[in-house]
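J.: The chain contents come next:
Number of protein chains: 2
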Amino acid sequence: MPPRRSTRQVEVGGVPVGGGAAISVQSMTNTKTTDVEATMSQIRSLIDEGCQIIRSSVPDEASVASFKEIKSRMLREGITAPLVADIHFDHRLALGAIEAGADKIRFNPGNIGPPERAIEVATAAKNKGIPIRVGVNAGSLRKEHQLPDHSHDDRNTALARALADSALWGVELLDSVGHEDVIVSAKASSVPVSIEAYRLLANECDKPLHIGVTEAGTTLTGAVKSAVGLGVLLSEGIGDTFRVSLATDPVTELGVAFNILSSLGIRRRGANVIACPTCSRCDIDLIPLAEAVELELKGVKEPIDVAVMGCVVNGPGEAREADLGIAAGKGEGLLFKNGEIIDKVPEGELLVRLREAIAELISSRS
Amino acid sequence: MPPRRSTRQVEVGGVPVGGGAAISVQSMTNTKTTDVEATMSQIRSLIDEGCQIIRSSVPDEASVASFKEIKSRMLREGITAPLVADIHFDHRLALGAIEAGADKIRFNPGNIGPPERAIEVATAAKNKGIPIRVGVNAGSLRKEHQLPDHSHDDRNTALARALADSALWGVELLDSVGHEDVIVSAKASSVPVSIEAYRLLANECDKPLHIGVTEAGTTLTGAVKSAVGLGVLLSEGIGDTFRVSLATDPVTELGVAFNILSSLGIRRRGANVIACPTCSRCDIDLIPLAEAVELELKGVKEPIDVAVMGCVVNGPGEAREADLGIAAGKGEGLLFKNGEIIDKVPEGELLVRLREAIAELISSRS
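Same order as they appear, the protein sequences are chains U and W. Heads up: the first sequence begins at 635 in my numbering, then just goes up one per residue. Heads up: the second sequence begins at 635 in my numbering, then just goes up one per residue.
Same shape as in the complex, but just chain U (with noise of 0.2 Å):
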């Protein structure tokens, strides 16, 4: 992999983006932000999730109150991540934000009215010492900035350019005020157009990035989508926190989020299963004991590599690699520890075996 792009750093509550800083993993709450008992309970489901940044729509003036009102609550029960406004269209709702004690505010200074009114949510940020994500979707370009009509020749080049210059705008709007802690990103649906328009502002800004592949889908095709074009982009060096926008509920995509970076060697959270696809050569009921395995890793935040195997072929390679390995024959398991073959196990016996050696190492890490 090429080096990470190098970026200015700019600090979320507590949490360093950019300038070399461990990329970090953040999300939205779904609910109601008025609704403050649902919300709160869903930030701790995010901040036990691994989530390090955690964002909350604030639609409307009863919303800013409740805003402050969770943001003083997570403090009383020590959850110290960041909690992030996200505005649109109502600059006032940007000013009540900062005084609610908003960490940042991610707006699109393209959809807020005349720049008078982004400059004075610029101002107003860079007083109180906050940082700003200039977040511009391909779904709300600012005016000037959409593309004349539905067909194009080359629609998707045209879109990624655009919604980079839409960025770039916001970001030059909010430097004329001297506030410069700006984090940027311009999401697409399309990861193609995301791609580019991430690459463009790579090169051209030295901003750090959040990047994303927006509504991107539901639990399965939203993955995956998302995976290609944050895979991509890390993969270049590209991005420096990330959100995978889901239609589902948050914490699965966290789980996606740390998936990625896991995938990438970026960093571990969790547990690895290594499973094989099955085939003819496979004499056990080897895809439910997967599943079984993976269910029971489901709370391991210690990163652990397992693997699933059902044949000789490529079983007994994999399961010496891994942490933690089954390599299936006829009817029964080979299990192996650490690279060594620990147990020979009856194919009934298999998960329960694997559960206490899953328990007994993680024992004997902490």
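Read the hints as simulated data drawn from the structure, not as lab findings. Please read these numbers as outputs of a predicted model, since none were measured by experiment. Don't take every hint at face value.
Quick list of in silico lysine to any residue cross-link-like pairs, SDA-like style, CA-CA up to 25 Å [what the hints assert, rightly or not]:
| id | chain 1 | residue 1 | chain 2 | residue 2 |
| --- | --- | --- | --- | --- |
| 1 | W | K935 | U | N972 |
| 2 | W | K777 | U | N972 |
| 3 | U | K777 | W | R751 |
| 4 | U | K935 | U | S679 |
For this one, chain U is given, so just place chain W on it according to the hints.
T.: Just chain W, lined up with the frame of chain U:
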């Protein structure tokens, strides 16, 4: 995206691979090959999902006979997709599968005994005019290419080099008897190792590449790992055919495979659902609606974009860009078709109206 890497073209039972041909999608049956009924039934399902190359493992003599029966049944049923025999350890099974009508042999010249045996297989395949895939996996590397110890300074790099070397050794062996219609794979369960091994192969030979991350895991985590690995390679122009290896029903592999291709704009098959992740702004129960829409579109093979969006921020923009779209408001939604608002629909009727609009759109296209 960079141009596709140029390669020799190899024909697999009527499906061209490499040399500018469209990237083909394949899968593998996971029934017992000797269970001809079950295998035929799975083959029909795979074909129905767009699978272009079918592979079955041939682990013993009985499977050779069944393989022959399956191939002739496929032809009788008008299933023209090539059937590939997956062979390990025993070169006589490869010779048997060639006689039995295999359209390609996949084997690893490094795990089939002394080189003379691989040469015997290559000669038989050449005489019959069928291609070979030299398929090397990290879990079953040729002994001479295995890494000496469990730990290594830069094990990923060393393993990628060993995988590529082992595959290239096999290719040369086949070349030595004039068998040049060879496709190459070198898969690891580690994404960075797979990516690096394929980059080496892409630089160091002119054979078409069958890419993939092997033993990627269960459905969601395995799909993410595969999407990252395949996404990075395909975005670099590397890869001529591929399989997504998941520990699940192989039909699911095909959905993920097309999802990866479609994400990169390489090839579309079926619907693309753009769905917002929802937030405090969303005033309808959007996630179940998005899931229902996706389910509704499952059988659709035509490329169609449907946006299911929760609010006015990105909703109208995305709904307008899609073939069909919903931009939800409070308890209702605007229905878009080809960029125009065609109806305002109460929340409870959105799915029904969208279903009608999908049917209309599809029938108007056919």
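J.: Now look at each hint and say whether the structure bears it out.
T.: So, going through the hints one by one against the coordinates:
no. : hint            : verdict
1   : K935/W x N972/U : violated, 46 Å
2   : K777/W x N972/U : holds, 20 Å
3   : K777/U x R751/W : violated, 68 Å
4   : K935/U x S679/U : holds, 14 Å
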